[in-house]
Every structure is written in structure tokens, then in C-alpha cells.
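Asker: Spelled out, the chains give:
Protein chains: 2
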Amino acid sequence: MSEQEVNKSSNVVWHQAAVGRSDRETSNGHRSAVLWFTGLSGAGKSTLAHAVEERLHAMGTKTFVIDGDNVRHGLCGDLSFSDEDRVENIRRVGEVAKLFVEAGMLTLTAFISPFRSDRAKVRSLLGDGDFVEVYCRTPLEVCESRDVKGLYAKARAGEIPAFTGISSPYEEPESPEIIADTGTLPLDQCVDQVIIYLLDNGYIKGLDI
Amino acid sequence: MSEQEVNKSSNVVWHQAAVGRSDRETSNGHRSAVLWFTGLSGAGKSTLAHAVEERLHAMGTKTFVIDGDNVRHGLCGDLSFSDEDRVENIRRVGEVAKLFVEAGMLTLTAFISPFRSDRAKVRSLLGDGDFVEVYCRTPLEVCESRDVKGLYAKARAGEIPAFTGISSPYEEPESPEIIADTGTLPLDQCVDQVIIYLLDNGYIKGLDI
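Residue numbers (the UniProt record's numbering), protein chains in the order written: chain A, 1 to 209; chain B, 1 to 209.
What the hints contain is simulated information worked out from the structure, not anything from laboratory work. Hints are supplied without guarantee of correctness; some may be wrong.
Said to hold, decoys possible - With beta-carbon atoms standing in for the labels, derived distance ranges:
(1) A:20 to B:154: 28 to 34 Å
(2) A:179 to B:168: 48 to 54 Å
(3) A:23 to B:205: 18 to 24 Å
For glycine and all other residues, C-beta sits at the position ideal for the given N, C-alpha and C.
Model the full structure from these sequences, guided by the hints.
Answerer: Here's what the structure looks like:
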């Protein structure tokens with residue numbers, strides 16, 4: 001009997017209630033999961049994630065995007081870009097994504113997450129089918145030619161240490177659930193590809209399209 | 001123009017989509033917020049939070065409880081019970097709660113959170129009305145008489161250092177939005193009190209009761 005089950009002072013029984021993941025999924029009308037977008041800087045991860053979210057939201061599903069914009073200055077604001085802190089960054093994002101899955105949401109994350117071991121750790125936190133790896137396969141030369149933030153130029157000049165693709169490796173996913181050719185295809189086509197995956201694999205239902 | 005707005009390799013424009021908090025609130029049919037349950041060990045925070053959640057879920061709202069059970073071994077699994085790590089624990093919980101508010105959820109947290117400064121920091125992270133402090137006002141002697149986990153006995157014996165209420169202070173909320181007399185009232189009555197607050201202050205609508 002837990003500390004909260006009995007209120008001894010009044011002899012009133014306090015039962016522990018529990019709304020579980022399956023209750024939320026039933027209420028939401030779709031399965032929860034993490035869509036983990038990975039790829040080089042400038043590959044289009046965040047844009048694709050937000051575009052998929054927009055489509056999912058329009059279909060009535062409960063979604064949320066976790067990306068650098070909402071964790072860099074918040075949850076992970078205490079972390080640097082050292083190897084150790086990058087591992088911790090991805091660990092925390094994985095743990096938060098797990099909470100969102102428990103909460104019944106289709107959760108989209110957009111982080112370079114260059115190391116297979118880090119992505120594998122997040123996958124192992126979650127149940128079967130809860131981790132959908134979406135590889136945004138824009139080639140390095142395309143990302144570098146875009147270089148809107150000028151980061152690749154700085155990395156080439158040696159001004160940014162351990163920059164993924166230049167001075168630090170990007171380990172391509174070996175068997176991602178989805179490979180999106182974000183370097184060559186129109187955005188809508190990449191969104192379609194993700195939505196079709198979710199429909200075909202029973203994450204969402206197509207009735208509201 | 002952000003790195004993702006233009007896909008230079010194909011000249012296809014990639015617009016940044018954005019589903020915002022208000023879109024989610026509209027879809028969910030209720031406002032999002034954090035209900036922050038604070039009080040001594042054994043006060044009934046977690047039980048009350050879960051019971052409120054059960055009621056809210058039955059009313060069709062989107063809810064989630066963040067408590068020790070789902071963060072102690074996950075997101076905050078690297079933290080000890082040192083003063084510094086306790087502060088960091090509450091900081092992370094606050095940041096995660098903020099993400100859940102952005103995601104449109106009525107988010108309930110259940111942590112002793114004994115220090116006013118820590119609770120004030122979480123409040124300051126959030127917008128006006130987004131932080132609803134629920135003080136579970138079970139007196140120390142009642143919590144200690146329950147002592148189902150035997151923690152108070154151990155603390156009195158000096159086996160647990162810095163135990164809140166015994167060898168470390170609990171700073172009572174000065175102007176919490178809700179004071180729940182979890183030491184004397186039946187659970188249902190405490191749940192009613194929280195639900196009525198949410199109705200009266202426009203967080204939720206009563207139509208589905």
C-alpha cells in the first residue's frame with residue numbers, strides 16, 4: 001500500500017488513479033510515437049518535421065516538435081557543444097520524447113544526432129515501433145552549398161571545431177524507417193512520404209484526410 | 001531567410017510551417033497550463049494530481065502528470081539528492097512542463113519542491129496564468145503519522161540527510177492559486193476544488209461534465 005492510498009487522519013481511502021498511454025491513444029484516435037529526424041546541418045530536418053506536424057495537426061492528430069529552438073535555451077541551456085554534452089543533449093531529448101509518447105502524442109524531434117550509438121540509445125528507451133527514424137538524406141555538398149547560416153564556411157575556416165560533416169563524422173542510419181531525399185525532392189513530397197508511412201503502419205487513420 | 005526556406009539544389013521553396021500553442025488549444029478545446037502540486041512527502045501530491053488527471057481525461061481534456069515515477073530514472077536519472085542537484089531537478093521539470101504547455105496539455109507536476117525560489121523560477125518561465133500552484137497542505141504530523149514508506153522514521157533516526165520537514169525546511173507557498181487540505185478532506189473533494197478552479201478561471205469548459 002503506497003503512502004497515498006490511505007489518509008489515516010480521516011480514514012478516507014485515497015485510491016491511486018491512473019490514466020495510461022492507451023487511454024490517451026484511444027481518446028486521441030491515433031497511436032503515439034517518436035519521429036526522429038536526423039541528418040546534416042541544413043539538411044531540412046526542422047522544416048520537414050514542422051511541415052509533417054502541420055499536416056498531422058490538420059488531420060486532427062496530437063503532435064509536437066522538439067527541436068533546437070525550444071530546448072537549446074531551456075532544458076539543455078546548461079550544456080556546451082563538447083562531446084560529452086552533446087551525448088547528454090540527445091539523452092535528455094530522448095527522455096523527454098519518451099514522456100511525450102507516454103502522453104499520447106506523435107512527437108517529432110529534429111536534431112543532427114550524428115552518432116548511431118546515441119540514436120540507438122533513444123530507440124532502446126522506447127517500445128517496439130515507438131521510434132521511427134527519418135533520415136533526411138541531403139548530401140553534404142548540397143548542405144554546404146546552401147550554407148545559409150554560414151556555418152560550413154566557418155567550419156572550413158577552422159572557426160568551428162568538430163563540425164558535423166566537416167571535422168566530425170555523420171554516421172548515416174543503417175536501417176532507418178524512412179529515408180527522405182530532402183536534398184532533391186519538393187517538401188510536399190517528403191511530407192507525403194512520412195504521412196503514408198504512418199498510415200501504412202497503423203499509426204494514424206486516413207479518414208480525416 | 002533561414003537555411004531551410006530554400007532548397008537551392010532543386011529551386012523548390014521550402015516554407016517553414018508552424019503549428020502553435022493556440023492552434024493546439026483550439027483543437028483541444030481547453031487552455032494549457034501547469035498545475036504545480038507542492039507539499040511534504042506523504043502529503044498526497046501525486047495521488048491528487050493523478051485523481052485530477054483522471055477527472056480531466058474523462059472530461060475530454062489532454063493531460064499528463066510529470067512526477068518522480070517517470071523522471072527519477074529517466075530525464076533526471078543522473079541527479080543525486082544534493083542541494084545543487086535538487087535545484088537542477090526542479091529546473092528540468094519546469095522546462096519540460098513548459099514544453100508540455102506549448103504542446104497544449106494541461107500538465108500536472110507532483111514534486112515536494114520545498115523552496116520558494118525554485119517554484120518562483122518555474123513560474124517565471126511561464127506566461128501569466130500558465131502556472132497554477134496547488135499547495136497540498138497536509139500538516140507534518142499527519143504526513144509523519146502515515147509514513148508508509150518509513151522515510152520519516154529514517155529521517156528522525158538521522159539515516160536520511162536533509163529530509164524535508166525534519167532536517168531541511170519546507171517553505172510554504174505564500175499565495176498559491178489553490179490550497180488543498182489533503183490532510184483532512186476526502187480525495188474527491190480536493191479534486192472538485194481543483195476542477196472548479198479550472199472552470200471558474202476559464203482553463204476548461206464544463207460542457208462535457
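Asker: Hint by hint, say whether it matches the structure.
Answerer: Okay, the hints, checked on the actual structure:
1. A:20 to B:154: 28 to 34 Å: holds, 32 Å
2. A:179 to B:168: 48 to 54 Å: holds, 53 Å
3. A:23 to B:205: 18 to 24 Å: Distance hint for residue 23 of chain A, residue 205 of chain B holds at roughly 21 Å.
Consistency note: the structure conflicts with none of the earlier hints.
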